[in-house]
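Starting from the given sequences, assemble the full structure and let the hints guide the process.
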Amino acid sequence: MPPFRLKDAAHENRLIINRVTAASVFIGLLTVGLIARLIYLQVFGHEYYAMLAHDNRVKISPLPPTRGLIYDRHGKILAENVSVYTLEIVPEQVGDLEETLKRLQALLPIEEEEISRFRKSLKRHKRFESVPLKLHLTDEEVARFAVKRPFFHGVDIHARLVRHYPYGPLFSHVVGYVGSINERELKRLDVAEYRGTTHVGKVGIELAYETILHGHTGYAEIETNARGRELRTLKENPPTPGADLHLNLDVTLQEIAYQGLGEHNGAVVAIEPSTGKVLVLASKPGFDPNAFVYGIRGEDYKALQASADRPLFDRTLRGRYPPGSTIKPFIGLAGLEYRIIDGHTETYCPGYYQLPGVSHRYRDWKKWGHGPVDLRKAIVQSCDVYFYDLAHDMGIDRIHDFLFRFGFGRKTGIDLTGEKSGLLPSREWKRRTRRQPWYPGETVITGIGQGFLQVTPLQLARAVAILANRGTAITPKVADHTVGGGQPTPLGDGGAPQKIKLSPRRLQTIIDAMVAVVHSPHGTARRIGEGIDFQIAGKTGTAQVFTVKQEEEYRADKLAKKLHDHALFIAFAPADAPRIAIAVIAENAGHGGSVAAPIARRIIEKYLEQP
Amino acid sequence: MISSASHLSSRPRSLWQRIHLDPVLLTGLLVLAAVGLLVLYSAADAEIRLVYKQGIRLGIAFAVMGGIAQIHPRTLYRWAPYLYAGGIVLLLAVLILGDVGKGAQRWLDLGFVRFQPSEFVKIFTPMLVARYLSQNPLPPQPKTIAFAGLWILLPTLLIAKQPDLGTALLVASAGFAVLFFAGIPWRLLGALTALGLAALPALWFLLHDYQRDRLLMFLNPEKDPLGRGYHTIQAKIAIGSGGPWGKGWLGGSQSHLEFLPEPHTDFIFAVWAEEFGLMGGITLLALYLAIIARGFYMAMQAQDSFSRLFSAGLALTFFVYVFVNVGMVIGLLPVVGVPLPLVSYGGTSMVTVMAGFGIMMSLYTHRRLVPS
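Quick mapping for you: the protein sequence lines, in order, are chains P and X.
For the record, in the first sequence the residue sitting at position 600 is 600 according to the numbering used here, with numbers rising by one throughout.
When you read off a place in the second sequence, starting at 1, and then add 1000, the result is the number in the numbering used here.
I should point out that these hints are in silico values taken from the structure, not numbers from a laboratory.
Backbone N, C-alpha and C fix where the C-beta goes; we use that ideal spot for every residue, glycine too.
Be aware that a few hints might be false.
As the list claims (entries may be wrong) - Residues from chain X shown here face chain P by an in silico Cβ test under 8 Å; the list is partial:
#1 Phe1180
#2 Gly1243
#3 Ala1273
#4 Gly1277
#5 Leu1278
#6 Ala1299
Claimed, not checked - Facing chain P, from chain X, some residues (calculated, C-beta under 7 Å):
#7 Phe1181
#8 Ser1241
#9 Leu1285
#10 Phe1319
#11 Phe1323
Stated by the list, open to error - For each label pair, taking beta carbons as the anchor points, the in silico distance ranges come out as:
#12 P:Ser180 - X:Lys1161: 49 to 55 Å
#13 X:Leu1333 - P:Arg119: 41 to 47 Å
#14 P:Glu230 - X:Trp1245: 29 to 35 Å
#15 P:Asn182 - X:Trp1245: 47 to 53 Å
#16 X:Leu1333 - P:Phe44: 16 to 22 Å
#17 X:Leu1157 - P:Phe151: 54 to 60 Å
#18 P:Pro132 - X:Ile1060: 47 to 53 Å
#19 X:Leu1195 - P:Pro62: 54 to 60 Å
#20 P:Glu230 - X:Val1024: 45 to 51 Å
#21 X:Trp1245 - P:Ala22: 31 to 37 Å
#22 X:Lys1161 - P:Glu223: 43 to 49 Å
#23 P:Asp139 - X:Thr1265: 49 to 55 Å
#24 P:Thr211 - X:Leu1333: 53 to 59 Å
#25 X:Thr1265 - P:Ser180: 41 to 47 Å
Written as structure tokens, this is what we have:
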């Protein structure tokens, strides 16, 4: 068959015309479909897609604020932001990564652990992002790299602001520390504010004043491409840096307190009675808060937790101690106020006390007794029998009610979190929690600050401040004011002071007795009263060991020390116009007069020297 | 002059006919190529190097077109079976020896040149089918249709196996376009369509995972906006944000900022529609339609059924290219790797398309030499 021959030219001609027409209609319909879709997208969907396009193009990048600094009352820095140097690599810019790593290792001490961590984070970052290889370079390492920097393309040193606590353990509990935001915090925190912030206050002032210290996050609108590479900044809304926080604490006094405790664990709290300003809030031992800022090593943290000295534990707010004899001025005042006794009421002290019809002897610390004792002598010489008797006459519920007014058994309302309320026992309390009746013997020992009664050092100091204030109850305040944008702003004072109704005359009886504790020849703290030109009102205490928390397991040498009594001392000075009220607890330090009182005196002296 | 067609003999043989080019079609193609370079310059983020490369490719493609236009239709007719057989052999070679690129085996590496045999088959298949059908009176008999179907199915399946769904689809449509113009009964066409639709679920199980993903993403691109639905969503955003009038040349933020995946290859229509808006989109489609219309006109002017079927088939296939690509970019069709002819960046398929136009010109301009 010849190739190019039409079988039926006319018919085939018609056919092709028909089919081309049909195909044209088909094409036309499909094209209309395409155009309809284009109209749908570009006319009706235009606004929506234009918005999406904008979102696509502009990345909102958070600009985290600089955290506010924390100062003591004299402007000494307690928490600052320091630059630390990190060695970072931009993978995209490095030719041969392996070779570069090898050369860097030859130049700087980079551990295998750091290399493997780097490799892991490499996978999480884009190739044009800077990935940290080594954190915390020393100045020497920085210098060593700087010299060789031209030979390391894509490797650079970056400075980052890191929280630093120059006093280390000294303020570890009260100032606290910041750490990486964890998941629980993520739920609590304002996501918008903390976008871009890596660290948040974990404990202490850093936690309590987080909002003020943190500041407000700004943002930048950054034009990006689809891979997230930043091209340029379109708009910037700068962050508001966190306000600086000025505390009432005094570095010098805190140092005296911390060092004065010597080898003993313990707590010192000092308050300005008229205002409630907290001058000293020291818990020993402390720990290095700087270790927590960029992630403490697991084993270090375990060691801190396992330590018998419990360095992480804030004794000032959470430590619960039997007040021992330091409770006596309050019990005495209660006796006066309830008119159970007056200044002349005498009790004979044979060296022990017995409840009627009971053979058990409650011993006095002075075996042979104090003989005839009135209230003043009972406080000055810390006679136990007098207060056994007084407590018994008063009954636990009246003790409870009176001590409660001085802030025992409840939180002080200090501007820190984690405060404990101690334990102020009562008949009702025992029935509720232990389902047991109250026994008279339990009242007797409460009279000398033993038994169920437990106070925190902060409570004790505040109670002393109330005493010094002649009944005005203040709320302890660690932070005084903020300075943001150069503008000082006072912080709220935690409500108006409460006035406890007390007879000034009876109060003065107690205060006079407390002055005599320090300044009379028989006072238990007479040694600290020598050579000062003002009067200190004080009271020593020696508490039988109820450790902070019952510890189960100790080495023998530790155990021996743990059995020692806690030494306590409360004081305020000057006695007639008090400027400072203080509570010192030295764990297992024996007699309060010998260890705790001298610390108090040094602090008082130093403080009163200041203008 | 041995032509018997009076409407042709009335016209003197022009210069264009002597060089076997059609000025109308050529103009359309040149305009399209210019548009392509323009939008490529924008899509490639003003990277002039890509534009140069594309320009060189276009030059080659136009040269190929011109060269092929010189080949006499008789030669094409004679060579059709051998070319087709050669194409099939190459497709088999790809399956056995081919390079794997992007998860699909499409390339044949001859050491000095790497190419996709499936591109040739896009021409060779309709060529063979046109020859086969034109040997018998039209419309074809059922037996003829069945054989033609086989000739189409063989390369289609081989290409689908690579897997290259887009090209397989184009080869199949090129073959069926010829069948359509040959006048297969409407009833059969309807039945085939119905059969095809019914076979879809079965086809599902033959698909590769990535092909299934593409289909699923087509159905619901928002499900995985940063993963597999990314292409579709970003293209829609680019087009939609262009609005009726577009953002202006070089003004498309979506494509410039690399939000558009492969903006200068398959998704270049999105760049165009973003920068020139609905008006630009319609204009470009109109340009394509004009070229196709000219193709149809040329097909209808041909004297013999081989030329008519082949020409019309190529023109319709050209539309399928455009429709599949644009439909994919604007989210009407699943994402298949079909470039926008003459506009998308890339060489092979462009040369094929231009070869097709070369053939159409040959068939048109040589018509007076066809013996009656």
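(request) Could you check the structure against the hints above and give me the numbers of any it violates, in ascending order? (result) none
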